[in-house]
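Chains as they are written, first to last, in my numbering: chain A, 186 to 566; chain B, 186 to 566; chain C, 10 to 394; chain D, 10 to 394.
Possibly wrong hints are sitting among the right ones.
Said to hold, decoys possible - Here chain B is said to cover these stretches of chain C; the calculated rule only asks that three of the stretch's residues, wherever they fall, bring their Cβ under 8 angstroms from a Cβ of chain B:
no., segment
1, 23–35
2, 108–121
3, 141–149
4, 281–295
5, 337–350
6, 378–388
None of these hints come from the bench; they were simulated from the model.
Note that the structure is predicted; figures quoted are calculated from it, not measured.
Just so it is clear, CB atoms sit at the ideal spot from N, CA and C, and this is done for glycine as well.
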Amino acid sequence: MEILHYTDAHEEFRLRLRGFCEKEIIPFVDEWEENHIVPKQAWKRMGEEGFLCTAVSEAYGGPGKDFLYSVIVAEELARTNHTGLAAPLHSDIVVPYIESYGSEAIKKRYLPGCVSGDIVTAVAMTEPDAGSDLAAMTTTGVEDGDEVEINGSKTFITNGINADLVVVAAIDPTLENPHQAVSLYLVKDGTPGFERGRRLEKMGFHSQDTAELFFNKCRIPVENRLGEKNMGFVMLMEKLQQERLICAVMAQFAVELIVENVTAYLKTAKDAMGKPLSKYQATNFALVEMATQARIGRTFMEKLVAEHMEGRDVVMETCMAKYWHTDLTQTISNRALDLIGEEAAAERSQILRPWRDLRVLPIFAGTNEIMKMVVGRMLQL
Amino acid sequence: MEILHYTDAHEEFRLRLRGFCEKEIIPFVDEWEENHIVPKQAWKRMGEEGFLCTAVSEAYGGPGKDFLYSVIVAEELARTNHTGLAAPLHSDIVVPYIESYGSEAIKKRYLPGCVSGDIVTAVAMTEPDAGSDLAAMTTTGVEDGDEVEINGSKTFITNGINADLVVVAAIDPTLENPHQAVSLYLVKDGTPGFERGRRLEKMGFHSQDTAELFFNKCRIPVENRLGEKNMGFVMLMEKLQQERLICAVMAQFAVELIVENVTAYLKTAKDAMGKPLSKYQATNFALVEMATQARIGRTFMEKLVAEHMEGRDVVMETCMAKYWHTDLTQTISNRALDLIGEEAAAERSQILRPWRDLRVLPIFAGTNEIMKMVVGRMLQL
Amino acid sequence: MEFTLTKPQKEIQKAIFEFCKGEFDKEFGLDCERNRTYPNKLLEKACDLGFIGIHYPEEYLGAGLGLFEHCLVAETLCRRDSTLGLALTLTASGAEFILRSGTGDQKDRYLQQIAEGRLFSAAALVDEGLGYDFRCLKTTAAQENGQWVIDGKKSLVLNGGTAGIYVVLCRTGTETEPQEKNLTLFLVEKEAKGLTCEDAGTRISCNMLTAADLTFNQVCVPDTSRIGDVGDGYRLLNRFLDECRVVLSAQAVGIALGAYDRALAYCRERVQFGKSIGQFQITAHKLADMARQIEYARALSQKAAWHFDNGMLDPGLAAMAKLTAAQGAVAVAYEAIQLHGGYGFMTEYEVEHFYRDAKFTELFCGAGNVQRDVIAASVYNKKRS
Amino acid sequence: MEFTLTKPQKEIQKAIFEFCKGEFDKEFGLDCERNRTYPNKLLEKACDLGFIGIHYPEEYLGAGLGLFEHCLVAETLCRRDSTLGLALTLTASGAEFILRSGTGDQKDRYLQQIAEGRLFSAAALVDEGLGYDFRCLKTTAAQENGQWVIDGKKSLVLNGGTAGIYVVLCRTGTETEPQEKNLTLFLVEKEAKGLTCEDAGTRISCNMLTAADLTFNQVCVPDTSRIGDVGDGYRLLNRFLDECRVVLSAQAVGIALGAYDRALAYCRERVQFGKSIGQFQITAHKLADMARQIEYARALSQKAAWHFDNGMLDPGLAAMAKLTAAQGAVAVAYEAIQLHGGYGFMTEYEVEHFYRDAKFTELFCGAGNVQRDVIAASVYNKKRS
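Bound conformation, chain A alone (with noise of 0.2 angstroms):
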């Protein structure tokens, strides 16, 4: 049986998206990860093509495409050995905010750009020191009019830089239960006030530009709020099933290629006599054992998906999975160095770059830890 139908149309497009990433962006993965950012024009090749925020629907330039074709941008890109283009977070987390409680006004505008590339987006939730705890949020956003002033800084930003429009999480000064004053506003890049920090130096994710935002006295129209004032924090928990979903599509659409580049290796390295590193037995079961993981985490990947699709409240299988799935990236990614040995430390070997990308996923969209919590409640433990 197969759980996820795709048809011929999907296979179409995964090809089309295939031969466009080994044209278009493999050839230039390396230079990205030196330059610490990717060029606006590799977003805009990606819309030119079709190949974002394919969900969002024809009235808005998109071409109202089933959340397949969002699996398949994440396998594919997946596929290219670096994170820096990163598509699925633009159109499947942040776009839908602006989709789903923008005004209409605001869709119109916003949104053909956001499918064409022409507009990169970015959503500012974490603070200094606001991580987990996201109520202990400082950035404040008044409105007085029919205008807002945002004040505060936000942190570990994706597209920090190359960010054309930002949604922005802020909190309501005047009211006392911040889980009942956050508002959702959308930013755009040049707005007085709005000014980008440091590029972050991290351990991986070196062709993607995670920056710190900060607002001082920054002043957009209120009609750039996304939906109810104060109906934040809802907000972000309607999103929260998706975003954990691609969290964990993105891992597992990893795991499997590190079993795959690590296999061909093994099979085709040889010992001083000849035989494969695949057939010592350590190895051997090692490369099972992983191929087995592999399997059950697609498998489970797969239900999720089917029954995101079907609109069902998966919301705490989706917090398995992200915990779950982004936890084997790791014992996957550090076995794969282990079985390879010495020469994996070398970042020629091209299985470093994962090791050292995936480390964020335990702990990006909500830790790991925040995850368990949450089952937890739902559990009712």
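Using the hints provided, position chains B, C and D relative to the given structure of chain A.
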């Protein structure tokens, strides 16, 4: 999406079986564990109620139902927290050899009894010096005229004492290659030269009568041979998928029962201040992790059941599942004891028995190391 | 630093190996466990040879040696037979309270008999259903005209029913007082009126020792039965638990060694696919990881014992040694079973009871999370060198 | 047994802590690593203070102390800054061959310069693509009129390109001869004609040190450059690997300690949900397990060093110490990152480079399965006491 589709008929069957277990099994489990055997009468009752050999076709007195009924039996029996009444072994592992390979006469003679519970079956493969290495088998089957003489000994035979009919693997001593020399024979209780050795004392599985079997100039009619002469290994291979799948299914249900029980225990037990132990963060996270593993295991198991029912070749996947799921029973049962602490060391805690019983799962029906060898070969590592 | 046993220590080890060779019998051990009968003769011999209570002062028939030597005895006995080894080294459970904190009179009264194996002792600490949480304990002791009256229930007390004396942890202060102040320890003799022991049934292992649930109903003891000061129970309890955990770590190391010895021997003999299974890399690596786990667990266990003898044992180190050694023993015995294949699950091949005994050491005196709480408390506010 | 450092050892530890406090600078270290520039001045100071080559004989400016003290230096430096610590203690890679097996002339020629930090050395052992399999090595040395002519390729040689001397493992016997007989070691100076070094690019860590692929094309060396006897290379290689693994285990322990120190400090300061995150049980338990892993890895590492100094080091013990300490360091640094949340992934919070440096110790000198092979070989035929 549901991977498995249980009909009302399935559910009605499950409820009937659950009621039966509550009335006729659970109250006697402690006694059976004491006696190290399950009374024949219990097998008979299972048969009378239609809980044995649900897959055997009407032609031979069975109901000819689908594999989901076997899954239901495995699940409900798992909930009786004992292993003696090994219906899955009888119904889904041994009897299929008879139905698939027995002559019409043999099937007419024995299958109705297998269904009614008048005949309890066992399969005798393992020998003192032929465990993982079946090719080292030394039990011989020499056919002369219309009789076969079997000589040798077998060990670790489940239902060894209760068995009325045993499928015995024996080797033709005149042939070179053991893989082309094994035949399967049916030996009836009471056949001269067929003797049972001592019941083996074990770490767990106390209600199960594991024994040695001896064949000393044991002569049976040649028509008791299952299938072609010397095709034993091929027949074994053909049945491996279901055998290993059933192990994974049993393991999965054992895991779910433990998670359910330890969670209930820790939600009920309170510290000196009345705080439920499940609210201690370390315990809370442990329960979340166990629940997650159970859920992921369930998804993979269900997918394999569905594919098995579709008649697809998932031998490799079932080998993966046999090792992965039975290993999971070990981590889960050990963790359950750790979370409960000293009280779990007492048999009265009920959580101790599964820990003792399950230890054999990674060993029987092909050790998990053998599973990995097989998968490694199928992956062409 | 120095990483070898002294000559006398090596001799103790050797003496015990010989004792076990002569006195331990597999079938006998299995029978004792099956029938839940204690090997009294064996204990007597071990006592005569001075193995039991080797760390007791000479005046109480001990050898006046350290906990390190006692641990060496426990490790070696458990290695030869995990079940007999535990049975021989757990008869004095709770006696540490008397040894470390008892009055001269209490010592004179009990320690010698214990060292002779004529008297079993038991530590009755855990209240029914409360585990290692000693805040506002339910078992209480109230002073009534010069006596103490004890009421309460203790669960799963090892040696309960056979012990001649029980060291009982009671709350003598109010519920609202902190546990550091409201607990006191008392000695209760088995004949005490109002004390009833109910057998707790079979357990994961150590079934040749008894275990019982105790009920104290208006049990009166004189003030001279008090161990330590009133309200000093919690401090003494923790010192006791530290010592127990160090000994448990040594027992666990011995159990791991015994399981490893048997697995190694089996892997050398057992032939499958035309070669001894030890020749397969996957088997060799299992043995390598088993040996490695034993090596570091043993180093940590010995370090903890040495620290105890030098008066510098930190509760965190005791808990680390216990958790590491117990986990190691469980992992090693687990693989020992796996390496034995079907035989591993069979009683007669012994490794299965090494696995059960290993798990016992992991659960006894607090399982993983209890130990982690202790370690965390001791490291969190400390600067480590 | 004894489980404390001697007074002099404690003083060494203290002196290094002070040195680090005064000389180590986070930004400086990060810059060196970023720009792949070696901190020569820092090395000179460390040499002047006698920290480097502390285990060398006095005539070569060493302190004539043991490997234990050298390990203590390495552990302490790595704890303060894993990257600088590794950089300072890996410049003499391969020099152990000279120290342990070199001729008097070879020692006079090189050891002092090494101890002064004026000369880097490198061990060129691993043939391209062959890892730690030294059977019928492809790099050969043939005798031609009194000289040896070396041909072959070595991969990813640490200090390749900067080292003044290379210790090169060559096959001098036939392919059919066992490795125990057909290998020989030679000293090759960097100026040697026919030796070319190609930078291997950036690596997981230690980028302030160089690494290169070496090509030996008809490189001629006199017989006086031979280390040990002809055909004795394999034995010396293994002694060398044993020593390296013990030192690596100490570096790994230091790395783990450093990551732990930072995580602990962060958990005390960082407030979320109204309390410092160290107050959450799950955090406390992570810290407890980190501390425990460090404790046993350290005990094993120190035991191995002590065994080396007492001439009783078993290859299995060296491999156990290396694998245990490296795995521990990786696990501890991993959790240190996790406890830092998003900051853990950021370079400026340091723990990410501790994690990379920890992984380096796990991969260097043979990863897990290489170590397990060594351990298995040493335990399989041995009776353990």
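Hint-by-hint comparison with the structure:
no.: 1; hint: 23–35; result: violated (count 0)
no.: 2; hint: 108–121; result: violated (count 0)
no.: 3; hint: 141–149; result: holds (count 6)
no.: 4; hint: 281–295; result: holds (count 3)
no.: 5; hint: 337–350; result: holds (count 5)
no.: 6; hint: 378–388; result: holds (count 3)
Violated hints for the displayed structure, listed by number in ascending order: 1, 2.
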